[in-house]
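Quick note, the sequences are listed as chains G and X, same order.
The first sequence begins at 3 in our numbering and counts up by one.
The second sequence begins at 161 in our numbering and counts up by one.
Please keep in mind that the hints were generated in silico from the structure rather than gathered at the bench.
Among the hints, erroneous ones may be present.
Pairs of lysine-lysine residues, derived as DSBU-like cross-links and limited to a Cα-Cα distance of at most 35 angstroms, are as follows [said to hold, decoys possible]:
no., chain 1, residue 1, chain 2, residue 2
1, X, K264, G, K80
2, G, K17, X, K225
3, X, K259, G, K46
4, G, K17, X, K264
5, X, K175, X, K225
Computed Cβ-Cβ distance ranges for the label pairs, DEER-style [what the hints assert, rightly or not]:
no., chain 1, residue 1, chain 2, residue 2, range
6, G, Q82, X, K233, 39 to 47 angstroms
7, X, K217, G, Q43, 18 to 26 angstroms
8, X, F236, G, Q19, 44 to 52 angstroms
9, G, R18, X, G218, 45 to 53 angstroms
10, G, G42, X, R201, 12 to 20 angstroms
11, X, R201, G, T121, 35 to 43 angstroms
12, X, F236, G, R66, 27 to 35 angstroms
13, G, T121, X, N271, 33 to 41 angstroms
14, X, S188, G, Q43, 34 to 42 angstroms
15, X, A161, G, L41, 46 to 54 angstroms
16, X, S188, G, K46, 19 to 27 angstroms
17, G, P63, X, Q162, 15 to 23 angstroms
Backbone N, C-alpha and C fix where the C-beta goes; we use that ideal spot for every residue, glycine too.
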Amino acid sequence: EAGVAQSPRYKIIEKRQSVAFWCNPISGHATLYWYQQILGQGPKLLIQFQNNGVVDDSQLPKDRFSAERLKGVDSTLKIQPAKLEDSAVYLCASSLGGQTFGSYNSPLHFGNGTRLTVT
Amino acid sequence: AQRVTQPEKLLSVFKGAPVELKCNYSYSGSPELFWYVQYSRQRLQLLLRHISRESIKGFTADLNKGETSFHLKKPFAQEEDSAMYYCALRRRSGGSNYKLTFGKGTLLTVNP
Numbered sequence: 003e004a005g006v007a008q009s010p011r012y013k014i015i016e017k018r019q020s021v022a023f024w025c026n027p028i029s030g031h032a033t034l035y036w037y038q039q040i041l042g043q044g045p046k047l048l049i050q051f052q053n054n055g056v057v058d059d060s061q062l063p064k065d066r067f068s069a070e071r072l073k074g075v076d077s078t079l080k081i082q083p084a085k086l087e088d089s090a091v092y093l094c095a096s097s098l099g100g101q102t103f104g105s106y107n108s109p110l111h112f113g114n115g116t117r118l119t120v121t
Numbered sequence: 161a162q163r164v165t166q167p168e169k170l171l172s173v174f175k176g177a178p179v180e181l182k183c184n185y186s187y188s189g190s191p192e193l194f195w196y197v198q199y200s201r202q203r204l205q206l207l208l209r210h211i212s213r214e215s216i217k218g219f220t221a222d223l224n225k226g227e228t229s230f231h232l233k234k235p236f237a238q239e240e241d242s243a244m245y246y247c248a249l250r251r252r253s254g255g256s257n258y259k260l261t262f263g264k265g266t267l268l269t270v271n272p
């Protein structure tokens, strides 16, 4: 099966500029996640979609970050304006829908990530 | 609030030696625990989960609720086990939705 696709792989921008990342999940996966991984730390969830609805965006800095998944398939994450501390790898992941507790049929499948450098 | 702690950032062992990567968690409910692995230049992927009680690539992990731990073990390390390992906890975040929280990771190096 094709994996989670992300683009671009790398992006370098100056602070206060805007940037957008794209993710195409595995076909049939209803749940899509965006994680931020700062160097030396584990991935931190930014936003989680179930189909085209947001189910958790509690850790998304909404003053500058936005994400959408209009048709319930691919998704974009935008940062506007970027800050130096936004330098990180942005990971997209997907899983089958219905994250029933105790169900281990839906592990997360990750993309290769986009490495963002803000100068 | 839930928390996942991996006390070792780096762990170095020799080939054939036993290896244990530590993971402790804090969570008031019943957690689901996972180990994810990232090999060099590859994407993050699931290694194993406590519910299935499986052994993957010789690795096992037992959930110890008394000690709130989920340590990853392998009796004889191989060079190809060198990678970044993340412990993760999944909990209910509301309704039928669940949230996965990762530890900071441990970089395992297996020396020849």
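Taking the hints in turn, this is what the structure says about them:
1. For the hint pairing K264/X with K80/G, the CA-to-CA distance comes to about 25 angstroms; that is within 35 angstroms, so the pair holds.
2. In summary, the hint linking K17/G to K225/X is not supported, as the alpha carbons are separated by about 45 angstroms, beyond the 35 angstroms threshold.
3. As the CA atoms of K259/X and K46/G are separated by approximately 11 angstroms, the hinted pair is consistent with the 35 angstroms bound.
4. Between the alpha carbons of K17/G and K264/X the distance comes to roughly 26 angstroms, so the proposed pair stays at or under 35 angstroms and holds.
5. Simply put, K175/X and K225/X have alpha-carbon atoms about 31 angstroms apart, close enough for the 35 angstroms limit, and the pair holds.
6. Judged by the Cβ atoms, the range 39 to 47 angstroms given for Q82/G and K233/X holds: they are separated by roughly 45 angstroms.
7. Distance hint check: the CB atoms of K217/X and Q43/G are about 25 angstroms apart, consistent with the given range 18 to 26 angstroms.
8. In this structure the supplied range 44 to 52 angstroms holds for F236/X paired with Q19/G, their Cβ-Cβ distance being about 50 angstroms.
9. Evaluation of the 45 to 53 angstroms hint for R18/G and G218/X yields a pass: the beta carbon distance comes to about 49 angstroms.
10. For G42/G and R201/X, the hinted distance range of 12 to 20 angstroms is satisfied, since their beta carbons lie about 18 angstroms from each other.
11. The hint said 35 to 43 angstroms for the Cβ distance between R201/X and T121/G, and at roughly 24 angstroms that hint is violated.
12. The beta-carbon spacing between F236/X and R66/G, approximately 48 angstroms, falls outside the hinted interval of 27 to 35 angstroms.
13. Take T121/G and N271/X: their Cβ atoms lie about 36 angstroms apart, and the range 33 to 41 angstroms holds.
14. Checked against the hint of 34 to 42 angstroms, the C-beta distance between S188/X and Q43/G comes to roughly 24 angstroms, which is inconsistent with it.
15. Taking the beta carbon of each, A161/X and L41/G are about 24 angstroms apart, not inside 46 to 54 angstroms as hinted.
16. Restraint check, S188/X to K46/G: a C-beta distance of roughly 21 angstroms satisfies the suggested window 19 to 27 angstroms.
17. One distance hint, 15 to 23 angstroms for the beta-carbon pair P63/G and Q162/X, holds here, with the actual separation near 21 angstroms.
Hint check: violations occur at hints 2, 11, 12, 14 and 15; the rest are consistent with the structure.
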